[in-house]
Amino acid sequence: LAVIQGRMRVLVGVKRVVDYAVKVRVKPDKTGVITEGVQHSINPFDEIALEEAVKLKEKKQATEVVAFSMGGAKCQEVLRTALAKGADKAIHVEISDEDVSKLEPLHVARTLRKIIENDKFDIVFLGKQAIDDDASQTGSLLAGMLNWPQALYASKVETDGQSLKVTREIDGGLDTIKVSLPAVLSADLRLNEPRYATLPNIMKAKKKPLEKKSAKDLGVDLAPQTTVLEVSEPPVRQAGGFVDDVSTLITRLKEKGFVKA
Amino acid sequence: NQYSLQMLSSSLRSSALSTSVRGLLTASSAASKPRHDVEGRAPPPLNQLSEHELALRDTVKRFSHDVIKPLVRSMDDSSTMHESVIKGVFDNGFMGIEVQEKYQGPESSFFDAVLVIEELAKIDPSVSVFVDVQNTLVAPLILTLGTEEQKQKYLPRICHDWIGAFCLSEAGSGSDAFALKTVAKKDGDDFVISGSKLWITNAGYASFFLVFANAEPEKGYRGITCFLVDRNAEGVSVGKMEDKLGIRASSTCPVNFDGVRVHKSAILGEYGKGYKYAIECLNAGRIGIGAQMIGLAQGCFDVTVPYLQERKQFGSRLIDFQGMAFQVSEVGMEIEAARMLVYNAARMKEAGLSFVKEAAMAKLYSSIVASKATSKCVEWLRGVGFTKEFPVGKFYRDTNIDTIYEGTSNIQLNTISKLIDAECKAMDYTPPLTVALEADRYRV
Numbered sequence: 001l002a003v004i005q006g007r008m009r010v011l012v013g014v015k016r017v018v019d020y021a022v023k024v025r026v027k028p029d030k031t032g033v034i035t036e037g038v039q040h041s042i043n044p045f046d047e048i049a050l051e052e053a054v055k056l057k058e059k060k061q062a063t064e065v066v067a068f069s070m071g072g073a074k075c076q077e078v079l080r081t082a083l084a085k086g087a088d089k090a091i092h093v094e095i096s097d098e099d100v101s102k103l104e105p106l107h108v109a110r111t112l113r114k115i116i117e118n119d120k121f122d123i124v125f126l127g128k129q130a131i132d133d134d135a136s137q138t139g140s141l142l143a144g145m146l147n148w149p150q151a152l153y154a155s156k157v158e159t160d161g162q163s164l165k166v167t168r169e170i171d172g173g174l175d176t177i178k179v180s181l182p183a184v185l186s187a188d189l190r191l192n193e194p195r196y197a198t199l200p201n202i203m204k205a206k207k208k209p210l211e212k213k214s215a216k217d218l219g220v221d222l223a224p225q226t227t228v229l230e231v232s233e234p235p236v237r238q239a240g241g242f243v244d245d246v247s248t249l250i251t252r253l254k255e256k257g258f259v260k261a
Numbered sequence: 262n263q264y265s266l267q268m269l270s271s272s273l274r275s276s277a278l279s280t281s282v283r284g285l286l287t288a289s290s291a292a293s294k295p296r297h298d299v300e301g302r303a304p305p306p307l308n309q310l311s312e313h314e315l316a317l318r319d320t321v322k323r324f325s326h327d328v329i330k331p332l333v334r335s336m337d338d339s340s341t342m343h344e345s346v347i348k349g350v351f352d353n354g355f356m357g358i359e360v361q362e363k364y365q366g367p368e369s370s371f372f373d374a375v376l377v378i379e380e381l382a383k384i385d386p387s388v389s390v391f392v393d394v395q396n397t398l399v400a401p402l403i404l405t406l407g408t409e410e411q412k413q414k415y416l417p418r419i420c421h422d423w424i425g426a427f428c429l430s431e432a433g434s435g436s437d438a439f440a441l442k443t444v445a446k447k448d449g450d451d452f453v454i455s456g457s458k459l460w461i462t463n464a465g466y467a468s469f470f471l472v473f474a475n476a477e478p479e480k481g482y483r484g485i486t487c488f489l490v491d492r493n494a495e496g497v498s499v500g501k502m503e504d505k506l507g508i509r510a511s512s513t514c515p516v517n518f519d520g521v522r523v524h525k526s527a528i529l530g531e532y533g534k535g536y537k538y539a540i541e542c543l544n545a546g547r548i549g550i551g552a553q554m555i556g557l558a559q560g561c562f563d564v565t566v567p568y569l570q571e572r573k574q575f576g577s578r579l580i581d582f583q584g585m586a587f588q589v590s591e592v593g594m595e596i597e598a599a600r601m602l603v604y605n606a607a608r609m610k611e612a613g614l615s616f617v618k619e620a621a622m623a624k625l626y627s628s629i630v631a632s633k634a635t636s637k638c639v640e641w642l643r644g645v646g647f648t649k650e651f652p653v654g655k656f657y658r659d660t661n662i663d664t665i666y667e668g669t670s671n672i673q674l675n676t677i678s679k680l681i682d683a684e685c686k687a688m689d690y691t692p693p694l695t696v697a698l699e700a701d702r703y704r705v
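Residue numbers (this note's numbering), protein chains in the order written: chain D, 1 to 261; chain E, 262 to 705.
Chain D extracted, bound-state conformation (with noise of 0.2 Å):
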């Protein structure tokens, strides 16, 4: 199988987010959750995306890799991972703290679209969704201001340099599609493993150019449309009981309506 040439550009986004291992605490006003002096790394789903995207640069179906954070001065460490696990270039839009705070997916889509509005890329890569507000709306929101195509929760992805063969994880199972290019993709969980960002990687990353871009200067209004009213934790969960036997459990089960009696 000839392997064709490809001219793709690829822009990935990359959030920082709460790292995954962190035991999420609320805020004691109850307006979100702590965040200050706590472990932060790069969203997940961000990093599979990224791998996916350095992948296809590795099988020369992608020239470039562009990553792309908008948020505050700390997403500067998340942007040089980025460049340290294959990035070509990074863009940073920032954004004030107070900001950051109210930051929405509309927000991300509309300064996305004004990134490539200004310089063409051909797949936008995001992951699914962050692990903190779990939201999966920027990558549709983008598709759907840019009438792009989308193929999103992908689990596979296969091109011939003119479209996307995607395969998706969906609830009823795996659902295969054909995109034309440009195109908007997300990475779900059992896309690829991302590499680490080895040492030397670390210190090539150094001497990759990081821009800085503000949302003003895009023309982006980050007036937020949805006000949070309360953060709270889940309800804490209730014990259990035992049973002696399977026909106890049984008889248990459809008293409480979960099996049919």
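Calculated from the structure, these hints are not laboratory results.
These numbers come from a predicted model, not from an experiment.
Take every hint as true, because none was put in to throw you off.
When the alpha-carbon atoms are kept at most 27 Å apart in a straight line, the in silico DSS-like pairs for lysine-lysine are as follows: (1) E:Lys348 x D:Lys204; (2) E:Lys534 x E:Lys412; (3) D:Lys208 x D:Lys55; (4) D:Lys204 x E:Lys610; (5) E:Lys322 x D:Lys55; (6) E:Lys525 x E:Lys363; (7) D:Lys206 x D:Lys60; (8) E:Lys363 x D:Lys206; (9) D:Lys89 x E:Lys322; (10) E:Lys348 x D:Lys206; (11) D:Lys120 x D:Lys178; (12) D:Lys208 x E:Lys363; (13) E:Lys610 x E:Lys686.
Got chain D sorted already, so can you dock chain E onto it with the hints?
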């Protein structure tokens, strides 16, 4: 002859020390080389790391957690280093950290090596020492002393797949290193190496050895020469691995040299200067071992404190009992102090300052701290701490090696006191005239 060699060793140590003292008074001393400050910015604290150092530490942390952690217990039980771990440390660029890009290395700093060693030790000190020897002993010797040919041969492999071992100790010579009996007999353009080395770390997996052998025993330590010997050379054999108390996954074996013939181009550095190289590189090696110990202590502490927060007796969390809390404070404080010693010694080395005393202190103190920390953690965890289910028992066993290798604690104490002695003599302190007069007045 043992006695005269001992005399030579101790006079050598003191001559090595006098070099360090001279260092105190020359351009390489911290006192005489002031810091350059950046306008408008306070000098950073020791524990504030740069972006790339944080990224590196994060990679090592993830690697340790994902790849090494699930294998720690089985590697310890079977005394083997798993293939995926060996491959992983090479693939991620943890080996040959300071090797330049032109030799296919990451061209990073000594401090980065310290970070990697520390972080690995938090999960498995055996893997940590595996990486430490390569980075603080093997690679630096070839980097600083190697001919272009030797560098081209070994450095790229050091970064990709070849493990090196440092062969100094023998059955009859540990602390008294220069009493070594392995000889290298000159034969035309070759040298024939005969002897046995003992306690060699990484020997089981090594592809090549840095062998310290005496080419002219009549000259005493001034005949000691360092040779680069490949494992597949005829006459080289690696003996049975030691069944150890701790760092069991790290292979420690005897290595025998049975009439091994090497060309004179296998000499690393200068003929007869092996003793000097051994002393000098072990100074940096000490900082590496210090890093291993602080990582070990921290790793042990980090699995213990959550237990103290969770477990309750008499209605209170264990950590809320003041007696317990006070002990926890002490151990936490000591680990922090040991870390500062290690980090500072590393930064001093990078700044080109004389660091012999600081390196010895870093190794000695961190071994004392790690010993106490692991012992306390086993104690605090009570019953569960005593079982193999919890990792603290392994940390407790692993810590014991530190008072032993790369210079025993007694040797460190010796080195430090000699340096302090020399420092004070160098300052040439005489009491002020008035004090002397006062003393005279009261002498009847």
